[in-house]
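Since the structure of chain A is provided, determine the placement of chain B on it from the hints.
One line per chain: the protein sequences are A and B, in this order. Position 151 of the first sequence, counted from 1, bears residue number 151 in full-length UniProt numbering, the numbering being contiguous throughout. Position 81 of the second sequence, counted from 1, bears residue number 81 in full-length UniProt numbering, the numbering being contiguous throughout.
Hints are computed from structural coordinates only; laboratory data are not their basis. Since the model is a prediction, treat every value here as computed from it, not as a measurement. Among the hints, erroneous ones may be present.
Which copy is meant is left open, so a pair is good if it fits within one copy or across any two.
Stated by the list, open to error - Listed below are the simulated DSSO-like cross-link pairs for lysine-lysine, each with C-alpha atoms no more than 30 Å apart in a straight line: (1) Lys-368 <-> Lys-200; (2) Lys-302 <-> Lys-57; (3) Lys-302 <-> Lys-104; (4) Lys-275 <-> Lys-57; (5) Lys-302 <-> Lys-171; (6) Lys-331 <-> Lys-352; (7) Lys-140 <-> Lys-352.
Listed below, chain by chain, are the residues.
There are 2 protein chains.
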Amino acid sequence: MTTSLRCSQPLKAASRSLFAQSRGPLCRSTLRRSSIDRPRAISSYGYTQAKALVYSKYGEPQDVLSIHGHSISPAAGSSVVVRMLVAPINPADVNQIQGVYPSKPEMNTALGTSEAAAVAGNEGVAEVVSTGSGVKTLSKGDWVIMKYTGQGTWRTHMAVDESKLLKIDNKDGLTPLQVGTVSVNPCTAYRMLLDSATWKFMGDEWFIQNGANSGVGRAAIQLGKEWGFKSINVIRGRENKEEEQKLKQDLLDIGATKVITEEELMSREIRDQIKEWTHGGREQIKVGLNCVGGKPATALAKFLSPGATMVTYGAMSKQPLALPASLLIFKDISFTGFWVSKWSDRHPDQKKQTVDDVLRLTREKKFKDIPVQECKWAWETEVDTLKAAVQGTLGGFRPGKGVFVFEET
Amino acid sequence: MTTSLRCSQPLKAASRSLFAQSRGPLCRSTLRRSSIDRPRAISSYGYTQAKALVYSKYGEPQDVLSIHGHSISPAAGSSVVVRMLVAPINPADVNQIQGVYPSKPEMNTALGTSEAAAVAGNEGVAEVVSTGSGVKTLSKGDWVIMKYTGQGTWRTHMAVDESKLLKIDNKDGLTPLQVGTVSVNPCTAYRMLLDSATWKFMGDEWFIQNGANSGVGRAAIQLGKEWGFKSINVIRGRENKEEEQKLKQDLLDIGATKVITEEELMSREIRDQIKEWTHGGREQIKVGLNCVGGKPATALAKFLSPGATMVTYGAMSKQPLALPASLLIFKDISFTGFWVSKWSDRHPDQKKQTVDDVLRLTREKKFKDIPVQECKWAWETEVDTLKAAVQGTLGGFRPGKGVFVFEET
Numbered sequence: 001m002t003t004s005l006r007c008s009q010p011l012k013a014a015s016r017s018l019f020a021q022s023r024g025p026l027c028r029s030t031l032r033r034s035s036i037d038r039p040r041a042i043s044s045y046g047y048t049q050a051k052a053l054v055y056s057k058y059g060e061p062q063d064v065l066s067i068h069g070h071s072i073s074p075a076a077g078s079s080v081v082v083r084m085l086v087a088p089i090n091p092a093d094v095n096q097i098q099g100v101y102p103s104k105p106e107m108n109t110a111l112g113t114s115e116a117a118a119v120a121g122n123e124g125v126a127e128v129v130s131t132g133s134g135v136k137t138l139s140k141g142d143w144v145i146m147k148y149t150g151q152g153t154w155r156t157h158m159a160v161d162e163s164k165l166l167k168i169d170n171k172d173g174l175t176p177l178q179v180g181t182v183s184v185n186p187c188t189a190y191r192m193l194l195d196s197a198t199w200k201f202m203g204d205e206w207f208i209q210n211g212a213n214s215g216v217g218r219a220a221i222q223l224g225k226e227w228g229f230k231s232i233n234v235i236r237g238r239e240n241k242e243e244e245q246k247l248k249q250d251l252l253d254i255g256a257t258k259v260i261t262e263e264e265l266m267s268r269e270i271r272d273q274i275k276e277w278t279h280g281g282r283e284q285i286k287v288g289l290n291c292v293g294g295k296p297a298t299a300l301a302k303f304l305s306p307g308a309t310m311v312t313y314g315a316m317s318k319q320p321l322a323l324p325a326s327l328l329i330f331k332d333i334s335f336t337g338f339w340v341s342k343w344s345d346r347h348p349d350q351k352k353q354t355v356d357d358v359l360r361l362t363r364e365k366k367f368k369d370i371p372v373q374e375c376k377w378a379w380e381t382e383v384d385t386l387k388a389a390v391q392g393t394l395g396g397f398r399p400g401k402g403v404f405v406f407e408e409t
Numbered sequence: 001m002t003t004s005l006r007c008s009q010p011l012k013a014a015s016r017s018l019f020a021q022s023r024g025p026l027c028r029s030t031l032r033r034s035s036i037d038r039p040r041a042i043s044s045y046g047y048t049q050a051k052a053l054v055y056s057k058y059g060e061p062q063d064v065l066s067i068h069g070h071s072i073s074p075a076a077g078s079s080v081v082v083r084m085l086v087a088p089i090n091p092a093d094v095n096q097i098q099g100v101y102p103s104k105p106e107m108n109t110a111l112g113t114s115e116a117a118a119v120a121g122n123e124g125v126a127e128v129v130s131t132g133s134g135v136k137t138l139s140k141g142d143w144v145i146m147k148y149t150g151q152g153t154w155r156t157h158m159a160v161d162e163s164k165l166l167k168i169d170n171k172d173g174l175t176p177l178q179v180g181t182v183s184v185n186p187c188t189a190y191r192m193l194l195d196s197a198t199w200k201f202m203g204d205e206w207f208i209q210n211g212a213n214s215g216v217g218r219a220a221i222q223l224g225k226e227w228g229f230k231s232i233n234v235i236r237g238r239e240n241k242e243e244e245q246k247l248k249q250d251l252l253d254i255g256a257t258k259v260i261t262e263e264e265l266m267s268r269e270i271r272d273q274i275k276e277w278t279h280g281g282r283e284q285i286k287v288g289l290n291c292v293g294g295k296p297a298t299a300l301a302k303f304l305s306p307g308a309t310m311v312t313y314g315a316m317s318k319q320p321l322a323l324p325a326s327l328l329i330f331k332d333i334s335f336t337g338f339w340v341s342k343w344s345d346r347h348p349d350q351k352k353q354t355v356d357d358v359l360r361l362t363r364e365k366k367f368k369d370i371p372v373q374e375c376k377w378a379w380e381t382e383v384d385t386l387k388a389a390v391q392g393t394l395g396g397f398r399p400g401k402g403v404f405v406f407e408e409t
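One chain only, chain A, in its complex shape:
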């Protein structure tokens, strides 16, 4: 990053959440402005006023996150300054703040924090605000997503080298929400489905998944439908049967072939039922997607056809996967895992292709928005509001994915 910083102060509470629109070329207090002034993101000297959710030590988001105000110097060389439009709150982001995620962010004082800190958040879409003279691929107004994880997307603005961004070549007909949520869940579903089997694309092959109502689950259903794969989708049963029925219908509406509850999956009758659906097993169930673990995952694995692959990408039950050896030896089922962060860091070109393809499907109305819970992030939004949105993602089973939607300043 080529950001150079002037004076900056961490803003630790709502009372300090507004920036001064300072004019001094070197040191600006971020606290002098009164709350009725609207901040200007780019000052007359080309400095951008920015805020970021940062943390200096691991812990619960509500305890360790603070908002840090700083100013970003004009874009120079190959760097660009971007304004975030949408940044999702993924469970992995929260785990990263808690320090229980294997991928640790780099903590440093590059943003002028008093302690070494990291900006939270990994996914998001931004708009290019200004470009350095050496920037070749991006122009003002372009939309970009992060090429790598760990770039810190929970902030209003960022200065970043153009090589660390993926340009959205065609944003026509797309909303920032659609583009800002494409990198994690849809890419996870896309690669897991496509890379775990040799498919015939002929409409007589299946996959089976649990957590079918999750962002990844819904993406898998829609991609599967587009590619001609039938799907058995397992959801947690609801006490309210009307709600359960509505959820089933939701998933059928976006392209699920069959939807069953975990209880149904573990029942005796399901074996005959699945046999019937797959025409006596002549139609193979070639891939299983698992984000649950424990007994429901074992139950799911038993319905895979010989030679199939089960891909694990989560463990919502917090139980390990228990695999009878016969599944491995005699049924030749392979068990693998998928970690979208590692995949995208290793294969940025494939990430671009995947993102472009999902966005094409989105544009063609073949890929519907997932349910989200928007948290508006305006200049004056209080840090407690932001932290509450993050903390709320911890449950894992919330009705929609939390996303920060940034208001233009």
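Only chain B this time, still in chain A's reference frame:
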């Protein structure tokens, strides 16, 4: 099979275990001979007297196995008549008799049994006794192994089409025991090691295995040494520490790099120990071989390097494999299984190459015989002796693999 049968009778007990050396061209009683007569395998009319361990229903070997005497007509067309030299008693053979093995034998009355029956046993080496006029690849005196599983090797003689046999091109310097035990354990070790990773063959890569004292385990150690892979070998601890030390030394002598007990694997200290052995993890542990399951298998999996593969080929603990999702997702460990029967039935050409290579190593004294418990099978051996040898294999942890060694008749 082109065998045509004349009169035959199942021999159900030791008292009926001897054949009559009958002369009649069509119907021969198998019970007229007195026990002092030596049977002649090939009568003057070209008929071969044979005995086979057969079963008509699934159950414990001691309950369902019986010996069946019959005569085999002269080889004709593309068929050959072979005399078994050595046939191992593998745990899978026993499971097959018990009816708990997924690969079921075909039961029929081709050998003239009163009920449809199968000949037990899957592995072994035989010598060609006579060949039909249409046989192109085999001659009298050649040694052959079974190309496929389920051909029934626990019998003195068999008539079989030449297409179902693999000829041992060079038997020089080899014993029947070496050739007769090559198809299952060494092939399992060979393919699991070689096919589960991309190796550098440079002496700084490792595999880790449990059940290291098994036939497969010993084969893996020796092949690994030959190929330049270092190995961490896990054995069950022995109450008698002297015995344990001797066993460790045995495995070190055949090429194990390190040998530890299950208890040591699950201890706290082992982490640092393994780090030291692998030079701080710079030398990767790329493959895990598991025939145990349960907690020891989970413990083993945790020492695999990122991106490694754990192959399961047995479940001696009868416990499922319990896998924390993090091993799958973040460490990118793949869990697969290996079933030698399926592999050999699907890839007979690869089986031939693998067998030839192991036998070359055996001839070059780079592959030592595994410990076996020989059970002589002479013409007059009582059926109870044979059944006891089979039943004894059930334990799984016996000191050596049981093998039938046939005496020439």
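To see whether the hints hold, each was checked on the structure:
1. Lys-368 <-> Lys-200: within (25 Å within a copy, 46 Å between copies)
2. Lys-302 <-> Lys-57: between (43 Å within a copy, 27 Å between copies)
3. Lys-302 <-> Lys-104: Only across copies: Lys-302 and Lys-104 sit 20 Å apart there, 36 Å inside one copy, limit 30 Å.
4. Lys-275 <-> Lys-57: between (52 Å within a copy, 28 Å between copies)
5. Lys-302 <-> Lys-171: Neither way: Lys-302 and Lys-171 sit 43 Å apart in one copy and 44 Å across, limit 30 Å.
6. Lys-331 <-> Lys-352: Classified as between: cross-chain Cα gap 24 Å, same-chain 36 Å, threshold 30 Å.
7. Lys-140 <-> Lys-352: This pair counts as within: shortest intra-copy Cα distance 20 Å, inter-copy 65 Å.
Of the numbered hints given earlier, the model fails hint 5 alone.
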